[in-house]
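Q: Throw the hints in and build the complete structure from the sequences for me.
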Amino acid sequence: MKKLFTKSPLALCLLGLSFNAANANDLYKEMGITKPEQEAIMSAINSAREISKRAEQYNGLPYRRDAHAKATGCARATFSVNPDIPERFKAGLFAQENQQYKAWIRFSNGDMLVQADSKGDARGMAVKVMNVPGKAIAPELGESHNQDFIMTNTPAFFNRNIFDYADDMTYLAKFQRTKWFISLFPPRLHPKQFYRAIQTVSSVINTPLEAQYFSMLPYRLGNSTIKFSTKPCAGMTFPSKVDKSDPDYLSNQLETQLANGGACFEFMVQEKLPGYYMPVDDATAIWSEQASPFISIATINIPPQHLYSEQQQQFCENISMNPWRAVEGWEPLSSLNKARRVVYQAVSKYRHQQNKAATPEPNSWCLASEGEVCDPNQGLVVSKPTWPLPRCFDGYAKPIDGESLNSNCK
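In our numbering, the protein residues as written are -3 to 406.
Since the hints were derived computationally from the structure, they do not count as laboratory data.
Here the structure is a predicted model, which is why all the values come from computation and not from measurement.
Some clues are possibly wrong.
Said to hold, decoys possible - Cut-off 30 Å, straight-line C-alpha distance, at most; resulting in silico cross-link-like pairs (BS3-like, lysine-lysine):
hint	residue 1	residue 2
1	Lys31	Lys237
2	Lys237	Lys345
3	Lys345	Lys115
4	Lys86	Lys131
A: Here it is, written out as structure tokens:
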């Protein structure tokens, strides 16, 4: 394996991390990160910073994320643990049935550049669940008692592991998007990864609320190894046609839909089973849903609301997500997830420093400025019914009274 990028652990501090070299070594040891993986992580951080700097010349200020640079909206939501979930999944955030938490959701486009929503791209959904009881698994991220779930609308990634990712990022930092996948000089061909990349960047959707989103990477929940996903609840309806000539049509669709009614997603997990090809450290692999179907264990409700006050848009730009922001009972797995713990924090800190922006971790839906009293209904459209709608619903938010096309009611 070629040497990607060499720096001492002290470089973590220089690249924006908030802990010293000794702590960096402790962190590497805790996660079992090898020396080659350390070098790959440092290479990825360096490339991500370069992407952010170069993208700023195209996007303009503020400095954006190195990926998922364009937010299509941030919404208030609730995250409710379902009743009667399987006993083996009752850990961490999911330990107590029927427990409800407030949350924020950031919908986004995946590219490093801010571009028209009609352009094919990955679509992201990141959920921040607030005030979760338990001990944080990554103390360097702070004791916020929040838990982040990061997803895109494709079930697999186009890099297998940290080494693919770091190598690919060196080309992305030069805006050479396809050169890692296929090249004559030097000769290189990664057909499976290239196919996954094409799948990722060809996605066009009518609204962020219609897509199914996937973790792509595995996690440990209790004693189970899982991937997770969200999909719209049964009974939701979406526009069949939208005006895609508007470069921000996804934001406008989100605002229109949520201003006139709520939305709902099922939060599901897929368990890794013995005897099937379900690798932990190959993010290009899709686990068989036939062998291991997704199981719903929580429900995300998005109440009717307005999204685009100046204050809320600023919040949406500054909010940070990290898959390691979680409480005990949950653990990100794979070399890519190990890298994300370090890379995401470094890039977030760099971005906020460049923008001279604060990085408060939210603990409520309130966006009041310091000294202001927050309206408990801030942003909400209280005249509209929340999801589930005022019909007859079963325990999984499915309409059962005959008033919906998808009703199961008799």
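Q: Can you give the numbers of the hints that this structure goes against, from lowest to highest?
A: Violated hints: 1 and 2; rest satisfied.
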